[in-house]
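Undergrad: Sequence:
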Amino acid sequence: MPPTPPLSTGAPPAAADANEAIRQFVRARRGRSWTAEDRAEYARLLEIWTSAVDRSAAGVG
1 MPPTPPLSTG
11 APPAAADANE
21 AIRQFVRARR
31 GRSWTAEDRA
41 EYARLLEIWT
51 SAVDRSAAGV
61 G
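Residue numbers for the sequence shown follow my numbering, beginning at 1 and rising by one.
Just so you know, the hints here were simulated from the structure itself, not pulled from any lab data. Since this is a predicted model, take the numbers as computed values, not measurements. A hint or two may mislead.
Taking CB as the label site, the calculated pair distances span [to be verified]:
1) Gly-31 to Ala-58: 24 to 30 Å
2) Ala-28 to Asp-54: 25 to 31 Å
3) Ala-40 to Ala-16: 20 to 26 Å
4) Ala-40 to Glu-20: 17 to 23 Å
5) Ala-57 to Gly-31: 18 to 24 Å
6) Arg-30 to Ala-58: 32 to 38 Å
7) Gly-59 to Arg-39: 17 to 23 Å
8) Thr-35 to Ala-58: 33 to 39 Å
9) Gly-31 to Gly-59: 38 to 44 Å
10) Gln-24 to Arg-55: 18 to 24 Å
Glycine residues also receive a C-beta, built at the ideal position from the N, C-alpha and C atoms.
Start from the sequences, fold in the hints, and give me the full structure.
TA: What follows is the structure, given as structure tokens:
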């Protein structure tokens, strides 16, 4: 399975970028049981998305 590309470019990712990373991650694992590593990566991506949404709602990003 190819690794999920990191979202870190020095600037906080936009919510749309984080959302797309989540979509790609889930699509790549369709029809399979998720490993503990998959679940951990999904949780990491959700944290990035949540942070981006929070910044957007606050008018920061």
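Undergrad: Quick one: which hint numbers does this structure break? Sort them smallest to largest.
TA: Per hint list: 1, 5 and 7 violated.
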